[in-house]
Each structure stands twice: as C-alpha cells, then as structure tokens.
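In the order they appear, the protein sequences are chains A and B. Each residue of the first sequence is one higher than the one before, starting from 1 at the first, in our numbering. Each residue of the second sequence is one higher than the one before, starting from 1 at the first, in our numbering.
Think of the hints as simulated: they come from the structure by calculation, not from any bench. Among the clues, some could well be false.
Not the full set, but computed from the structure, chain A residues with beta-carbon under 7 Å of chain B [said to hold, decoys possible]:
1. Ala141
2. Glu237
3. Ala239
4. Ala248
5. Cys251
6. Met498
For each residue, glycine too, the CB sits at the ideal point set by N, CA and C.
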Amino acid sequence: MDVTRQSATALLEGSRLVSRSFLSLGLPQRLVLFALLFAAEWSPISNLVHKDRGAGSLLHLSIVFASFFLALGYLKERSLFRRISNEIAGIPIGWHYLGLHLVAFIGFIGLSYFPQEGDSSGIQAYLVASTWYVAGILAIAFAGFAFVPPKPALRLVRGAGSLWIYALAVATIAHQLVSAFPRWNGLVWKTATDLTFSLVKAFLQLFLSKVIADPAVMTIGNPDFSITILPWCSGFEGAALMLVFSVAWLCFFRREFRFPQALLLIPLGMLTIWLSNAVRITVLILIGVAGLPGIAMGGFHSQAGWIAFNCVALGFVIVAQRVRWFSARPSRSGLQDGFFHNPTAAYLTPFLMILAAAMISRAASEGFEWLYPLRLVAAGAALWIFRSSYKDLDWRFGWISPLIGSLVFVIWVVLDKLAGAPSAGVIGTGLAAMPAATKITWLALRTAGAVITVPIAEELAFRGFLIRRLISADFESHGLRKYTYLSVLISSVAFGLMHGDRWLAGTVAGVLYAITLLTRGRIGDAIVAHATTNALLAAWVLYSGNWNLW
Amino acid sequence: MKKIIGMLLLLIGLLGLIQASPCRPEPGGVSTCGAPEIDPASGASALALLSGATLIIRGRRKK
C-alpha cells in the first residue's frame with residue numbers, strides 16, 4: 001500500500017516536474033526570448049542608426065561580450081546559473097519593464113530621425129547624441145530586466161566573479177581582430193592561393209607534358225583546358241569547415257580524448273583537407289584535359305569538395321576514436337566482435353549508400369545523371385547485407401497506405417504547379433541523346449530505384465530510425481509506435497530538406513508517412529505509402545514529360 | 001544525437017557564409033573558370049551523409 005502511494009506521489013511529482021520544465025521559463029528560454037525581441041526590433045530600424053556615432057561597433061562588442069560572459073559563466077559557474085534559472089522559472093515576465101522598454105525604444109527611434117552631428121551645432125548635437133545613447137541603453141536594460149529581474153541578474157554578475165573582465169577582454173580582442181580582418185586577409189589569401197597554385201602545378205607536371213601556369217592571373221592547365229584558381233578555391237572553405245568540425249567534435253566529446261595530444265588532430269585535419277583541395281583541382285584539370293570539360297566544371301566541380309570533406313571528417317572521427325594516443329576510451333581489444341552490435345547501421349546504411357552513390361554519380365555527370373543505377377545497386381547491396389536485422393520489423397501493410405501515398409502524390413504535384421517549377425529538365429535532354437535500348441534500360445532502373453529501394457531506405461532512416469532516435473539513444477527499446485510531436489516534426493522537416501526546393505512538399509509527405517507508420521506501428525505501411533507516391537510520380541513524369549519532378 | 005545536431009548546425013551556419021563563384025567562359029577555346037571548393041547547393045546531402053555516418057560510427061552498443 002505504502003509502495004503504491006509512494007509510486008503515485010513520485011508519479012505526480014514527476015508529472016509536475018515535466019509540466020513545469022515544459023511550460024516554465026528558465027534562464028536559457030528567457031535569454032532566447034530576449035534575443036528574439038532584440039532581433040525583431042533591431043532588424044527594421046538598423047538602417048536608422050547613425051553609423052558615425054559608433055553604435056554599430058558598440059552593439060557588436062556588447063553582443064560578443066554577452067555571449068562570452070554567458071558561455072564562460074555557464075562553464076565555470078554552472079551550479080549558480082542553474083540555481084538562478086530555477087529561481088526565475090517561477091517569476092512571471094515583467095510586463096511593466098516591457099512597457100518602459102517600449103517607451104525608451106520609441107524615444108530611441110524618434111531621436112534617430114534627428115540630424116547627424118555635421119548638420120547641427122556642437123552642443124545640440126552632443127545633447128541629442130547623449131540622449132540617443134541613454135535611450136538605447138535604457139531600452140536594452142528594461143527589456144533585459146523584463147526577462148531576468150534586476151536582483152537575480154545582479155547575483156548572476158556578482159557570482160560569476162571576475163569572469164566579466166575576461167569576457168570583456170576576449171570580446172575586445174575578438175572585435176579588434178575582426179575590424180582588422182580586411183587588412184590582413186588579403187595577405188593570407190594570397191599566400192594560400194600561391195601555395196595551392198604551386199602544389200597543383202607540381203601535381204600536374206607528373207601527368208602532363210606541357211603545363212601552362214601563369215601565376216600573375218593564377219591560370220593553370222594546358223593549351224586545351226585551363227582554370228583560374230581564385231582566392232576562395234585556395235582551400236580556405238574546406239579548412240574552415242574542418243576547423244569548425246574538429247573543434248566542435250573535440251569539445252562535444254572531450255571526455256573521450258587525451259589532451260593536449262588530441263588537439264594535434266585539428267591542424268592535421270585542416271592540412272589534409274587543404275592538400276585534398278589541391279588534388280581536387282588537379283583531377284578537375286585532368287578531366288578537362290581528357291576531353292570532358294562539362295563533367296570537370298559541372299558535376300565534379302560541385303561534388304568533389306564535399307566528397308573530400310566527408311572523407312577527411314570521417315577519417316578524423318575514426319582516427320580520434322581508434323588511435324590509443326588520442327583516445328581515452330577503454331580498450332576493447334580483449335572483446336570479440338560478436339560482443340557488440342550496431343542497430344543504427346541497419347537503419348541508416350541503405351539511405352547513406354544512396355547519398356554516397358548520388359554524390360559519385362553526380363560527380364561523373366554534366367547534369368544528366370547517367371550513373372543513376374549506381375544508387376539502386378548501392379542501396380540494394382546494403383539492404384541485402386543487413387537483411388537479418390529487418391526480420392523483426394512488421395512488413396505488412398493495409399489499404400490505407402496506397403491511399404495516403406496517392407494523397408501525397410497529389411499534394412506534391414499541386415505544390416509543384418503552384419511553385420511554377422519549369423517542366424523541362426536535364427533528364428529530358430540527356431535521354432534524347434541516348435540510343436533507344438539504353439534509354440529504356442535507364443528509365444526502368446530509375447523507376448525501380450524510385451519505387452523499391454528509395455522508399456525502403458528512406459522509411460527505415462527517417463521513420464524507422466530518426467523518430468525514435470530523437471526520443472532516446474536506445475531507440476530499439478521503443479516500438480515503432482513510440483513518438484513525440486517534436487520527433488515527428490524534426491524527422492519530417494529533415495526529410496523535407498533532403499528534397500531541396502520541394503522542402504515543403506517533402507515535409508508534408510514526411511508527416512503523412514509518419515502518421516501511416518504510427519497508426520499501426522508497421523514499417524510496411526510507410527514503405528508502401530512512399531512507394532505508391534513514387535510510382536505515381538514516375539508514371540506522371542513518363543506520361544507528361546515533366547522531368548523536373550524527378 | 002544533440003551533439004551531432006549541434007555540430008550540424010555549426011556547419012550549416014558556416015556553409016551560409018560560403019558562396020559559389022560564377023563560371024567565366026572565355027572565347028578562343030580556352031575555358032577559364034573559377035572552381036569553388038565547396039558548393040552550397042549540395043550541402044544538404046553532404047551534411048546528411050556526414051551526420052548519418054558519424055551516428056553509425058558512434059552507434060555500436062554492447063549486446
């Protein structure tokens with residue numbers, strides 16, 4: 001009896017905790033609201049603000065300072081931040097402060113219309129500028145106090161000790177570096193471009209007997225094909241992506257690495273991606289010289305950088321995880337492979353194989369993806385390899401699935417019409433140049449991919465995996481009917497974003513396929529709905545010649 | 001998962017700064033053209049591939 005009562009009490013407290021955490025406004029939520037209010041008010045008036053009064057610089061400095069202060073404060077004084085966050089969660093938003101904020105804000109806008117310093121006398125200009133500053137600062141302060149009341153705000157600043165000095169110092173240095181950027185970035189870019197140019201020239205000389213290289217205009221190639229290495233082709237973009245990726249990875253999973261040696265992985269990753277860019281440019285020129293300039297400047301040009309970045313980033317993750325000198329994870333050498341399993345791989349690999357095959361086939365095309373069947377083969381191989389992992393899934397389907405699939409088809413076509421997308425596409429041009437037998441084979445394989453492997457792979461990834469994985473890391477412990485509104489929304493938006501310009505139709509389709517799956521918890525229902533949509537789209541494309549829908 | 005989503009958002013933010021350069025064909029048979037390293041148009045697929053692969057790498061569990 002007591003146990004039951006205790007359980008009931010715990011359940012009640014748990015439900016109160018859940019409802020409080022969902023509805024209450026802690027420090028992070030209040031800061032987000034403050035930032036949103038600030039952004040909503042600042043965007044329309046930013047052009048009014050007098051640049052010569054230095055407000056822009058002061059504002060940037062304040063934002064950088066606040067960001068550093070909060071980040072450092074949270075890292076160093078987490079318990080204090082949590083305590084204050086819990087404390088203010090029960091306090092309502094200060095509407096009277098918001099009223100005062102509105103008054104100060106209107107005053108600030110009004111003073112912004114006054115003539116600038118050069119147009120009026122000294123004392124008047126000084127008074128207007130001073131009042132303008134005070135109004136602006138008051139507007140920000142009142143808005144801040146509306147979300148974080150003065151007393152807790154003061155305790156936060158006091159409790160953080162001398163952190164504000166460090167934050168101010170870092171913000172000032174960062175601000176000065178950014179201000180000075182235009183002065184030194186030209187020098188850095190020039191050096192990097194020169195180095196890339198020299199490296200590409202050295203690589204090309206290994207393959208070509210006659211290399212034309214003009215460092216004055218950064219043009220390199222041979223008499224048949226050449227390109228210009230512009231500053232943004234010099235490896236900076238990949239290096240920047242690699243820097244962000246490696247720093248974020250080491251920071252997020254810092255407990256798994258040995259420091260300081262793991263920090264070496266950052267420059268190693270950046271150097272590797274920079275070298276890979278030189279290789280990319282070399283291969284691009286060689287493809288052009290080989291008589292395929294369309295592929296060189298078309299598909300290869302747009303895909304090779306991403307292929308290289310993915311390879312280097314995944315290499316970074318594997319090296320960081322497996323090499324003992326970098327990794328602080330316990331050794332698993334004594335354990336057999338059968339001791340582990342990877343349920344994520346079974347759900348995601350078919351979809352990822354389609355993505356990887358798509359990148360390769362696009363890289364080898366001028367626009368028309370003649371290698372599309374590679375996607376079918378890649379996904380088919382992955383599904384075959386993991387076939388034993390799918391035996392517990394329910395592959396049955398009901399009559400509602402084709403109906404929902406048909407509904408998605410209608411929505412897809414209608415939204416496409418409303419968007420005014422052109423019906424002509426590269427597929428039509430590509431097919432017109434093909435012999436009849438090749439054309440029929442390509443169309444058959446394209447349709448098979450759209451109707452068989454794509455629905456299975458995408459439903460396993462987005463509905464079978466992502467909806468449950470967003471709820472829990474141990475996603476397999478939940479049945480396929482387990483969901484939250486947020487997990488369905490995120491997985492559907494992610495699915496929509498994978499469809500480029502048709503993100504809205506994709507998101508709606510994702511929600512409808514999710515409903516199909518969740519109704520009975522059968523993956524077969526979602527796959528059949530998806531396959532129906534794709535089959536109808538294929539029929540529509542073949543009938544109408546609207547290749548752009550593929 | 002949250003960490004990988006966070007990393008993904010950082011990369012998307014950076015990608016927003018990256019712009020493809022225009023191609024500049026020139027007469028005379030020589031095709032002189034800028035070749036930007038990262039094409040933002042292919043970003044969604046590439047970042048989905050990276051996120052999925054990292055999830056698989058970190059998805060190994062004890063039986």
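For each hint, the structure was consulted:
1. Ala141: violated (29 Å)
2. Glu237: holds (4 Å)
3. Ala239: Cβ of Ala239 (chain A) sits 9 Å from chain B, so the hint is violated.
4. Ala248: With a closest approach of 5 Å, the Ala248 (chain A) hint holds.
5. Cys251: violated (9 Å)
6. Met498: holds (6 Å)
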